[in-house]
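Chemist: Now for the letters of each chain:
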Amino acid sequence: MHRLPPQVKVVALLVFVIAVVLMPREAFWAHALAGCLIAGVMILAELPAGFVARRMLVEVPILIFALLLPFFGQGPTTRVLGLTLSVEGLWGAWTIIAKATLGVGASVVVSATTTIPDIIRGLDRIRVPRVITAIAGFMVRYLDIVAGEFARRRVAMASRGYEPRWLWQGGPLAQSAGSLFIRSYERGERVHQAMVARGFTGRMPTYGDRPASLRQWVLGLSVSAVAVVLAVLSVTVIR
Amino acid sequence: MSEPSLEVAGLFFSYPDGHQALRGVDLHVHHGERVALLGPNGAGKTTLLLHLNGILRPDGGTVRVAGLDVSDEAAMEVRRRVGLVFQDPDDQLFMPTVGQDVAFGPANFGLVGAELEARVAAALGAVSMLDAIDRAPHHLSYGERRRVAIATVLAMMPEILVLDEPTSNLDPASRRELIDVLRALPITQLVVTHDLPFALELCPRALVMDEGSIVAGDDTVDVLSDEILMKAHRLELPYRFDPRGGTGR
Numbered sequence: 247m248h249r250l251p252p253q254v255k256v257v258a259l260l261v262f263v264i265a266v267v268l269m270p271r272e273a274f275w276a277h278a279l280a281g282c283l284i285a286g287v288m289i290l291a292e293l294p295a296g297f298v299a300r301r302m303l304v305e306v307p308i309l310i311f312a313l314l315l316p317f318f319g320q321g322p323t324t325r326v327l328g329l330t331l332s333v334e335g336l337w338g339a340w341t342i343i344a345k346a347t348l349g350v351g352a353s354v355v356v357s358a359t360t361t362i363p364d365i366i367r368g369l370d371r372i373r374v375p376r377v378i379t380a381i382a383g384f385m386v387r388y389l390d391i392v393a394g395e396f397a398r399r400r401v402a403m404a405s406r407g408y409e410p411r412w413l414w415q416g417g418p419l420a421q422s423a424g425s426l427f428i429r430s431y432e433r434g435e436r437v438h439q440a441m442v443a444r445g446f447t448g449r450m451p452t453y454g455d456r457p458a459s460l461r462q463w464v465l466g467l468s469v470s471a472v473a474v475v476l477a478v479l480s481v482t483v484i485r
Numbered sequence: 043m044s045e046p047s048l049e050v051a052g053l054f055f056s057y058p059d060g061h062q063a064l065r066g067v068d069l070h071v072h073h074g075e076r077v078a079l080l081g082p083n084g085a086g087k088t089t090l091l092l093h094l095n096g097i098l099r100p101d102g103g104t105v106r107v108a109g110l111d112v113s114d115e116a117a118m119e120v121r122r123r124v125g126l127v128f129q130d131p132d133d134q135l136f137m138p139t140v141g142q143d144v145a146f147g148p149a150n151f152g153l154v155g156a157e158l159e160a161r162v163a164a165a166l167g168a169v170s171m172l173d174a175i176d177r178a179p180h181h182l183s184y185g186e187r188r189r190v191a192i193a194t195v196l197a198m199m200p201e202i203l204v205l206d207e208p209t210s211n212l213d214p215a216s217r218r219e220l221i222d223v224l225r226a227l228p229i230t231q232l233v234v235t236h237d238l239p240f241a242l243e244l245c246p247r248a249l250v251m252d253e254g255s256i257v258a259g260d261d262t263v264d265v266l267s268d269e270i271l272m273k274a275h276r277l278e279l280p281y282r283f284d285p286r287g288g289t290g291r
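From first to last, the protein sequence lines are chains A and B. Start counting the first sequence at 247; every next residue gets the next number (the numbering used here). Start counting the second sequence at 43; every next residue gets the next number (the numbering used here).
Simulated from the structure, these hints should not be mistaken for lab results. By construction, the Cβ of each residue, glycine as well, lies at the ideal position given by its N, Cα and C atoms. Incorrect hints may have been included.
Label pairs and their in silico Cβ distance ranges [to be verified]:
no. : chain 1 : residue 1 : chain 2 : residue 2 : range
1   : A       : S430      : B       : R225      : 45 to 51 Å
2   : B       : M118      : A       : V377      : 18 to 24 Å
3   : A       : L419      : B       : R65       : 49 to 55 Å
4   : A       : L465      : B       : S170      : 20 to 26 Å
Some chain B residues judged to face chain A by a derived CB distance under 10 Å, without partners named [unchecked claim]:
no. : residue
5   : I97
6   : R99
7   : D101
8   : G102
9   : D132
10  : Q134
11  : L135
12  : F136
13  : A160
14  : L172
15  : D173
16  : S183
17  : Y184
18  : E269
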């Protein structure tokens, strides 16, 4: 799993998510089997459970929203454990929770087994426009630096007694963000000079991406293929 | 003498805001020489460097790199011949991985495949950073980033390596590693620096620049020993440092 070429993993993730989205909401069994698939891949990739759980936390805001749906949904209601809940809301909550969990789970597998530069390289390989991958690459490269600069400023401000607690005390922070923007812009100019100095003419060169073999494609897409079969079955036969 | 690696004659330049940064710069660097360019802040050193590969264009005067005029037509070839290492390695290293960054230059000049990979490996090997080829630049130490920045231009096989303040912000051990790397490189070098012991150790010849022109140029020991010259151009040796005592060449 760790060794698969990034473009294979990116395509596999995309196919898997589409398959999950296409599964009808009544097909509990299909969602459950897809969940087993992802869990199986996680075990195969030897991802630590605690690590996966922490990564899955990004889903929490979505879950909270989904859990509110049964209480505020319209239409006919039903009683569960003494609570009056909307039937449509319950279906909505189930759909969101199931599909989001499966999608986030699959994303965790890919992101945990692929470095960010590799993911960008994979996107490049499947012909995502070079402008977009280049922007993504620059963002990854410079996010740390800009965040670091902002952190140093906060320390410098705190060292001179500025500890904002309320929104109306945020002025200096906003000004600092503004000048950070200017500084980043100036850095962009210097980076561009450095690029031109090394012969940049407007097209990002490729380096070090190797085509994936047929075997790697088959191996990488096998899980997603099972998910597609589940989706097709749940749409056509069982329903 | 043979054709100089770098020849600058009567160079003038003003920024759009009217500030005249270069007022008639003349200098030459011969093949295989290592030359230090000294001078106070604001003397025009960095402005001069940006002229060496045609990023800035002079209002008057010429720059020739190994006999080739820096002009619009020759811009690409000049940029290959002049390896400019910028002061802040974070400006120089912009690709997601070290290997991709080192490949950026030679790939722009048309190298592909195994040849490109060999060039990348050789350049990283020359600065002892081959192990970092798949790492992200922001995960490297500052000294390591500085060395990778040098590799990014070495990979273009330049005629002359031009370094802007290469020892700034380095701890003593990283500075020592950098000196060892630069001394081992068999390539013409022009080094802008405020680190005078570094200039003395690395470069047999030194130029002094102030207010937009070259005001002195001689054996580095003689330049650093000339107290009147040093004082006039805001240069100062470290406390108790005797340039005649340690000719570490």
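Chemist: For the restraint on B:Q134, tell me whether the closest CB of chain A is nearer than 10 Å.
Modeler: With Cβ-Cβ at 5 Å, under 10 Å, it holds.
Chemist: Hey, does the B:L172 contact hint survive, CB to chain A under 10 Å?
Modeler: Since the shortest Cβ distance to chain A is 14 Å, the answer is violated.
Chemist: Quick one, is the B:E269 hint okay against chain A at 10 Å, beta carbons?
Modeler: 36 Å, violated
Chemist: Under the criterion of a CB-CB separation shorter than 10 Å, is B:F136 in contact with chain A as hinted?
Modeler: With a closest approach of 5 Å, the B:F136 hint holds.
Chemist: Is the hinted range of 49 to 55 Å satisfied by the C-beta distance from A:L419 to B:R65?
Modeler: 43 Å, violated
Chemist: Have a go at the B:Y184 hint: is there a Cβ in chain A nearer than 10 Å to its own Cβ?
Modeler: 12 Å, violated
Chemist: Taking the closest Cβ pair, is B:L135 under 10 Å from chain A?
Modeler: Where the cut-off is 10 Å and the nearest Cβ of chain A is about 8 Å from B:L135, the hint holds.
Chemist: Quick one, is the B:S183 hint okay against chain A at 10 Å, beta carbons?
Modeler: 14 Å, violated
Chemist: Taking 20 to 26 Å as the hint, is the beta-carbon distance of A:L465 and B:S170 inside that range?
Modeler: 37 Å, violated
Chemist: Just tell me: holds or violated, for the beta carbon distance of A:S430 and B:R225 against 45 to 51 Å?
Modeler: Because 36 Å falls outside the window, the suggested range is violated.
Chemist: For the hint on B:G102, just tell me whether its beta-carbon gets within less than 10 Å of chain A.
Modeler: 22 Å, violated
Chemist: Under 10 Å, Cβ to Cβ, is where B:A160 needs to be relative to chain A, so tell me if that hint holds or is violated.
Modeler: Cβ of B:A160 sits 12 Å from chain A, so the hint is violated.
Checked against the numbered hints listed earlier, the structure breaks hints 1, 3, 4, 6, 7, 8, 13, 14, 15, 16, 17, 18; every other hint is satisfied.
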